[in-house]
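Student: Protein sequence lines correspond, in order, to chains Z and Y. Everything in the first sequence is counted per my numbering, starting at 1 for the first residue and increasing by one. Everything in the second sequence is counted per my numbering, starting at 100 for the first residue and increasing by one.
Think of the hints as simulated: they come from the structure by calculation, not from any bench. Hints should not be assumed to be uniformly reliable.
Facing chain Y, according to a computed beta carbon distance under 8 Å, are these residues of chain Z, among others [unchecked claim]:
1) V19
2) A20
3) G21
4) E22
5) V26
6) R29
7) I52
Below 25 Å or equal to it, Euclidean Cα-Cα: the simulated DMTMM-like pairs (lysine to aspartate or glutamate) are [said to hold, decoys possible]:
8) Y/K120 to Z/E43
9) Y/K199 to Z/D3
10) Z/K6 to Z/E95
11) Y/K162 to Z/E95
12) Z/K78 to Z/D30
13) Y/K199 to Y/E155
14) Y/K270 to Y/E350
15) Y/K162 to Z/D30
16) Y/K199 to Z/E12
17) Y/K199 to Z/E95
Predicted, not measured: the structure shown is a model, and the values here were computed from it. Ideal placement from N, C-alpha and C gives every residue a C-beta, glycine not left out.
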Amino acid sequence: MNDLAKIFAKNENIVFRQVAGEVILVPVRDKVADLKCIYTLNEVGAFVWSNINGKRSLAHIIDALVSSFSVNPETARKEVSTFIGQLETKKLIEEIRAL
Amino acid sequence: MPCSQVQELSYAEFSAALHDKAILARTPLCGTFTLTQRCNLHCVHCYETTDPGKTELNTSQVKTILDKLSAAGCLYLLITGGEPLLREDFIELYLYAKKKGLIVTLFTNGTLLTPEIADVLRDYPPFLVEISLYGISRETYKAMTGNGEALDLCQRGIRLLLDREIPLKLKTMVTTQNRPELWPIKNYVEQELKIDFRFDAMIWPRINGQKDNIFCRLSPAEVVQLDIEDQKRSRGWQEFNGQYGQAAYSEKLFTCNAGKSSFAVDSYGQLRLCDMLRSPSFDLLAGSFREGWDECFAKISSLTRQKKDSPCGQCQQSAFCNLCPAWSSLEGGEDEFIVDFVCQIAQLRAKEFGGGKNGQKRVSNTANKRSQVVS
C-alpha cells in the first residue's frame, strides 16, 4: 500500500485554537486537566494540521509543505510521516480512505 | 525545517506559560460570563443584582458573544450567575462554548442539576465544576439561602456529578450565619466526599452599590482567625509572606490581570474588566470584542493612583491587602476609597503571618498570588 495516498480526517471532537501565539488542540470530550496533557503544535505542525481535511492525500500535503517551507521533499516526507503517526496514535486524526 | 512534532505538555506547564504570554501580548485569555443574574436562592451575602430595565441576552445573542470572545483569544471561560442552570438553554449554550474550543469552568449552587445535565457534563467534561455548599444542616442552609429544603437538592446535585466522575470542587462563603458550621462543612466535604474545599469570607457589597448584604460579614478578626485555624490557609499565608510579604506599595491602580488577560461579560452583554468593576463597560451586541477590549480597557494597566496623600502609600502591609478599585468603587464610590473591612484584615494578616526577617522584597503580581492562598 502506498502510504502517500492515505487520506486523514480530523477528529471532530478536537478544536484547533490559536491563542497568544500558541497553536493548541483542545479536546471537547476529554478531561483537559485529568489527561495531564494538552497538545500544542509548532508552525509546521499547524500547517500540516490545517491541510488535513478528509480530502487531501499525504502526498498532496507534503507537496504543499515543500512549496511553503524551505525543505527538501525527502525531509518533508519523513517529518509528515512522523507527525501523522503521532496524531493518529493520539486519536487526533483518523484515516478515512487508502487508495 | 523545524520538526513538526506534537508537543505534549503537562497541564500545569502549559497553563503557566500561556498565562504569562497572554499578559505580555494583552490577550483576553480568561473570561467570566454571567449567563444570568437571576437565581433560585436568595443568599444573604450575594453581590449580584438584576436590572429590571434590561433584557437578558437570548440564546442567539449569547452564542454571538461566545463567537466574539473566542475569536479574540479567550481560552478559559468561567460560566456563572446568578444561577446559570436557571437558563432553559443552558445545555445548548454550554455545548456551544465547548465546541468553540473553550475550556469551561462552571459555578453553580447545584440545586438545579438533573441527570440529563449531569450526563452532558460527563460526555463533554468541563475543566471544573464548583458548587457552593452553604451549610450541611437545613437550618444553616436556610439561614444562608432562604430555603432549607434546597440543601437536599444541592446534595443530590453533588452526588449526580460525583457518580459521573465529573471534576468537582466545593466551596462556601463564610458569614455570621454559617460560621459555626464552617469546619463541619469542610470535614464533610474533605473526609466524607473526599473532594477539595475552599472558603471565602470576603463579602463584597452588591454590584449596584447597595450595602444591605454586608451586615453578614464576620469581623476582620474573625476572618483572620479562620486563616489561623485552617492549616492549609495558614501555611499558604506563611509561604506568601516568604515570597511577597515585603512587596512595595504599587503606584499602579490595577495590580491584577483584569484588562490585561482577563475580562467579564454580564447577562446583558456588557463587557467589563471584572464582574465587580462597573465602569467602564462596552456593549458587545453593538460592536466587536476587540473594540471593547482595545478602546475601553487598553489604558487600564498604565493608570496610577491619584491620591498622593492616601495612607495606603505609607502602608507596610500592602502585600496582604485585597483592596482594589472595584471594591473601593462599590463601597465608597471612588477608585481609591479605603474600605476599613479590607484594610483591617490586611493589617491583621500581616501581623499574624508577616515578618520582616522572612519577607522578601518582591513586587510581582501579588494580587494573583494572594488569591491563590485562598483558592
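Student: Using 8 Å as the Cβ threshold, decide whether Z/R29 counts as touching chain Y.
Tutor: 6 Å, holds
Student: With a cut-off of 25 Å on the C-alpha distance, tell me whether Z/K6 and Z/E95 pass.
Tutor: Holds, because 7 Å separates the two Cα atoms, which is no more than 25 Å.
Student: Holds or violated: the hint that Z/V19 contacts chain Y, with Cβ atoms closer than 8 Å.
Tutor: 5 Å, holds
Student: For a C-alpha distance cap of 25 Å, please report whether Y/K162 and Z/E95 respect it.
Tutor: 32 Å, violated
Student: Let's test the interface hint: is any C-beta of chain Y closer than 8 Å to that of Z/G21?
Tutor: The hint holds - Z/G21 has a Cβ within 8 Å of chain Y, the shortest such distance being about 6 Å.
Student: Do the alpha carbons of Y/K199 and Z/D3 lie within 25 Å of each other, as the hint requires?
Tutor: Cα-Cα ~32 Å, so violated.
Student: Under the criterion that the straight-line Cα-Cα distance not exceed 25 Å, is the pair Y/K199, Z/E95 satisfied?
Tutor: Holds. Y/K199 to Z/E95 sits at ~24 Å (cutoff 25 Å).
Student: Would the stated hint for Z/V26 survive a check requiring a Cβ distance to chain Y of less than 8 Å?
Tutor: At 4 Å from the nearest chain Y Cβ, Z/V26 passes the 8 Å test, so the hint holds.
Student: Answer holds if the nearest beta-carbon of chain Y is closer than 8 Å to that of Z/A20; otherwise answer violated.
Tutor: 4 Å, holds
Student: So, Z/E22 near chain Y? Judge it on the closest CB pair being under 8 Å.
Tutor: Where the cut-off is 8 Å and the nearest Cβ of chain Y is about 6 Å from Z/E22, the hint holds.
Student: Can you confirm whether the C-alpha distance between Y/K162 and Z/D30 stays at or below 25 Å?
Tutor: 22 Å, holds
Student: What's the verdict on Y/K270 and Y/E350, does the C-alpha distance respect the 25 Å limit or exceed it?
Tutor: Roughly 33 Å between the alpha carbons, so the hint for Y/K270 and Y/E350 is violated.
Going through the hint list in order, the structure does not satisfy hints 7, 9, 11, 12, 14.
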